[in-house]
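Participant: Chains A and B, in that order, are what the protein sequence lines are. Going by numbering that gives the first Met the number 0, the first sequence opens with residue 0, and the numbers climb by one from there. Going by numbering that gives the first Met the number 0, the second sequence opens with residue 0, and the numbers climb by one from there.
None of these hints come from the bench; they were simulated from the model. One thing to keep in mind: the hints can contain errors.
In silico contact screen, one side only, chain A against chain B (beta carbon under 7 Å); selected entries [unchecked claim]: (1) F172; (2) L175; (3) E222; (4) E243; (5) F244; (6) R387; (7) L408; (8) V409.
Not the full set, but computed from the structure, chain A residues with beta-carbon under 10 Å of chain B [as the list claims (entries may be wrong)]: (9) L164; (10) G186; (11) F191; (12) Y196; (13) A200; (14) G201; (15) V225; (16) N406; (17) I443; (18) G444; (19) I449; (20) M452; (21) L460; (22) G461.
Only pairs whose alpha carbons sit at most 25 Å apart, straight line, appear in this in silico BS3-like list of lysine-lysine [said to hold, decoys possible]: (23) K223(A) to K135(B); (24) K442(A) to K292(A); (25) K289(A) to K426(A); (26) K292(A) to K376(A); (27) K292(A) to K223(A); (28) K426(A) to K135(B).
Positions of the beta carbon are idealized from the N, C-alpha and C atoms, including for glycine.
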Amino acid sequence: MEDFLQGTLLFVTDPTALLLFACGLLGGMLFGAIPGVNMLTLGAVILPFTIGMEPKHAIMLFSVIYVSGVFGGAITAILFNIPGAPENAPTCFDGYPMTQQGRAGKAIGAAASCSALGGVGSAILMMAATPAIADWAVHAFGPPEVFALIFFGLCVSASVGARTLWKGWLSVFLGLLLATVGTDPAGGLGRFDFGSYYLLAGIHFIPLILGFFAISEVFTQAEKIVAGTRERPKASLEFPSLREFWALRYTVSRSMGLGFFAGILPGIGATLAAFLGYNEAVRWSKTPEKFGKGELAGVVASETANNAATGAAMIPLLALGLPGGALTAMMLGIFQIHGMEPGPLIFINSKELVWITFSAMFFANIAILGLGWIQTKTVVHLLRVPFRWLAPGILLLATVGAFALRNLLVDVWIMYLAGIVAYFLRKTGYSAAGIVLGLILGKIGESMFIKSMQIMDYDFLGFAERPIAAVLIAAGFATMVASAVRHWRRSRNGAGG
Amino acid sequence: MGASGKPKLTLCLEWGFWVALAAAGYWLTFEFDEPLDIYEFGASGWPRFILVCIVVGATLQLVLGLQKERRDAAGPPVDDAPAEPAEGETGRAISPILVGIFVLPLAYLLLLPRTGFFLTTPFFILAFLWVLQVRKVRLLLGVTATVYGLVLLIFVRLFYVALPVGNWPVFYDINNWIVVAVRNFLAGG
């Protein structure tokens with residue numbers, strides 16, 4: 000506590016730190032909201048300028064960008080079904096239907112409040128237990144455990160979002176298959192690349208997400224406009240009530256725990272955190288059928304979890320020098336630029352840096368609450384603009400976003416084809432979420448499976464000998480069986496009238 | 000076939016799609032089916048496992064779906080999930096306008112590397128608005144100018160995104176001229 004107060008004092012009395020804090024907060028939110036140019040783009044652009052900064056300012060700036068960037072993508076996800084970043088994809092599932100029902104204000108309010116709540120909770124945990132948690136997570140979670148966690152995540156996601164269990168699984172398998180396009184992680188051989196140099200790098204998930212969510216939505220709405228059946232959503236400014244938040248206390252705490260846990264693990268981070276948070280919210284809900292149709296708990300679960308992952312991601316970076324994702328890898332680069340080495344000694348040698356960063360992350364999460372409230376009162380008015388005027392803008396934003404990713408037109412083609420495929424998948428009841436999660440987790444899943452096999456000498460029973468992996472795999476199978484039984488019962492009851 | 004004919008056909012078509020996809024994928028895996036020294040299952044092991052899972056999943060979907068169809072046909076009519084009207088479905092055949100909505104972005108993509116982003120985009124915006132039944136000239140021009148202007152300001156001036164400038168001689172020159180003009184104009188130069 001004393002360290003935190005000291006860090007806060009240092010932070011609020013340092014004009015440079017305050018200025019960088021404000022720039023990072025607004026920049027992260029802006030870049031997080033524009034598809035294709037995410038917080039990583041901003042990080043990459045400003046990385047060279049950190050040479051001239053003090054290390055504490057540079058690390059603090061990046062940590063604030065991380066916090067606000069993860070939240071920024073929620074706004075476009077809710078208003079236009081365009082997730083600014085992959086970690087906001089599950090926010091679309093219920094956030095956008097809420098907008099269509101005239102409850103956009105409530106969805107944005109919930110996203111801001113829960114992002115802040117998840118982030119603050121995560122920051123407090125980060126401050127309280129960074130060295131101990133980092134040590135446990137890194138030693139307890141080897142490739143078999145990470146593979147088991149991914150297996151569990153896929154089992155859960157297969158039972159969510161699709162019209163039937165089998166459609167859910169087929170969606171996940173399609174995502175996993177798409178993830179195999181490109182260079183294989185073991186020997187570097189090209190797979191399903193059709194001799195194309197561009198496909199060797201694999202299918203990036205951002206064009207696919209843009210296609211599945213933004214493009215298919217434009218097609219669907221355009222069809223309704225042409226058919227004359229589209230109703231314009233009301234631009235409501237209503238904020239969620241305290242009673243509504245209180246009713247979701249279990250969802251918030253569960254998502255916070257899941258987000259924090261996923262954030263600690265290298266390579267997993269906020270995206271899986273958001274999906275796990277959403278999936279568990281559906282699983283534990285008494286009314287799971289309401290999810291995907293504008294359930295407030297869906298937005299709350301996803302946004303709490305992804306922001307809870309941000310504080311947790313700092314733990315392995317600071318305590319062990321292990322970056323969990325691209326932005327934390329840039330932070331490691333900043334340490335190296337300044338001739339510093341993160342690790343347990345950083346808490347003794349650079350105490351000021353650590354506590355200014357922790358304080359800034361804490362206050363960035365609180366600032367999200369205020370900015371979210373302002374956005375609820377302002378950005379929602381965009382809904383008053385007729386969709387037929389917005390549609391070309393959304394298409395262009397997605398086009399430039401997909402292209403800017405790698406300066407490849409093939410990404411734009413993939414995005415439009417994914418949009419057309421998703422338009423038909425939505426009509427036949429397959430799950431876009433399942434495909435996206437399969438694609439995101441497929442690559443890391445295969446890589447972890449290869450390492451696991453090498454570690455365990457190709458003995459599948461090796462998973463059973465590692466307690467955490469065994470529990471996660473058992474939980475995955477239990478989820479599979481439970482979903483199958485639920486599906487079978489529903490089917491029997493349906494047949495029985 | 001009666002009323003259950005359509006769901007049965009849909010189930011069979013879906014199964015056919017998945018099995019054809021898996022078969023094609025499996026056949027393609029032979030292109031990279033080489034033994035690896037460091038990994039016993041090789042580069043094709045993981046994709047083949049997924050493809051087998053797809054066939055199993057699709058077959059289970061077909062078999063259980065057909066069983067359900069049979070039960071439903073024998074019993075009273077039930078509120079069956081696949082029969083619910085899909086989002087945005089109007090019950091009519093795909094109209095030429097809807098085809099236009101799909102085709103227009105693809106045509107735009109085909110033209111982008113040839114005629115360039117800066118020349119093609121205003122026409123694309125105009126055409127898309129027209130397909131969406133915007134007919135007032137002032138609106139068509141206003142929305143096009145606003146969207147195009149914002150894209151240029153954000154992506155060309157602020158983020159310096161290198162958008163395609165085309166490869167057809169005259170178009171290439173005009174696109175480059177627009178890029179330079181935009182950067183100079185918005186920079187106040």
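Participant: None of the hints should be skipped; say for each whether it holds.
Facilitator: Each hint, compared with the structure:
1. Taken as an interface hint, F172(A) checks out: its beta carbon lies about 5 Å from the nearest beta carbon of chain B, inside 7 Å.
2. Evaluation of the L175(A) hint against chain B yields a held restraint, the C-beta minimum of about 5 Å falling below 7 Å.
3. A hinted interface residue such as E222(A) counts as satisfied when its beta carbon comes closer than 7 Å to some beta carbon of chain B; here the least separation is about 5 Å, so the hint holds.
4. Hint status for E243(A): violated, given a least beta-carbon distance of 26 Å to chain B, over 7 Å.
5. A hinted interface residue such as F244(A) counts as satisfied when its beta carbon comes closer than 7 Å to some beta carbon of chain B; here the least separation is about 30 Å, so the hint is violated.
6. Satisfaction of the interface hint for R387(A) is found here, the shortest Cβ-Cβ separation to chain B being roughly 4 Å, below the 7 Å cut-off.
7. Look at L408(A): its Cβ gets to within about 6 Å of chain B, closer than 7 Å, so that hint holds up.
8. Hint status for V409(A): violated, given a least beta-carbon distance of 10 Å to chain B, over 7 Å.
9. Given hint, L164(A) at the interface with chain B, holds; its Cβ is 9 Å from that chain's nearest Cβ, closer than 10 Å.
10. The beta carbon of G186(A) comes within 4 Å of a beta carbon in chain B, closer than 10 Å, and the hint placing it at the interface holds.
11. Contact between F191(A) and chain B, as hinted, is supported at the beta carbon level, the nearest pair being about 6 Å apart and thus within 10 Å.
12. The interface hint given for Y196(A) is violated, since its Cβ lies 15 Å from the closest Cβ of chain B, which is over the 10 Å cut-off.
13. With a cut of 10 Å, the hint placing A200(A) at the interface with chain B is violated, because the nearest CB-to-CB distance is about 16 Å.
14. Annotation: G201(A) was flagged as interfacial toward chain B, and the flag is violated, the nearest CB pair being 13 Å apart, outside 10 Å.
15. The criterion of a C-beta within 10 Å of any C-beta in chain B is met by V225(A), whose closest approach is roughly 5 Å, and the hint holds.
16. For N406(A), the interface hint holds, since its Cβ comes within 10 Å of a Cβ in chain B; the closest pair sits about 6 Å apart.
17. This hint is violated: I443(A) has a C-beta 12 Å from the nearest C-beta of chain B, more than the 10 Å allowed.
18. The interface hint given for G444(A) holds, since its Cβ lies 9 Å from the closest Cβ of chain B, which is under the 10 Å cut-off.
19. Given hint, I449(A) at the interface with chain B, holds; its Cβ is 6 Å from that chain's nearest Cβ, closer than 10 Å.
20. Satisfaction of the interface hint for M452(A) is found here, the shortest Cβ-Cβ separation to chain B being roughly 7 Å, below the 10 Å cut-off.
21. Hint on L460(A) is violated. Least Cβ distance to chain B is approximately 16 Å, over the 10 Å limit.
22. The criterion of a C-beta within 10 Å of any C-beta in chain B is not met by G461(A), whose closest approach is roughly 14 Å, and the hint is violated.
23. Proximity of K223(A) to K135(B) is assessed by CA-CA distance (about 20 Å); at most 25 Å being required, the pair is judged to hold.
24. For the hint linking K442(A) to K292(A), the alpha-carbon distance of about 30 Å lies beyond 25 Å, and the restraint is violated.
25. Distance restraint check for K289(A) and K426(A): the Cα-Cα separation of roughly 18 Å lies within the 25 Å cut-off, and the hinted pair is therefore satisfied.
26. Note on K292(A) and K376(A): the hinted pairing holds, with a Cα-Cα distance of about 24 Å set against a maximum of 25 Å.
27. Restraint check for K292(A) and K223(A): satisfied, since their Cα atoms lie roughly 18 Å apart, inside the 25 Å limit.
28. For the proposed pair K426(A) and K135(B), the alpha carbon gap of about 33 Å is over 25 Å, so the pair is violated.
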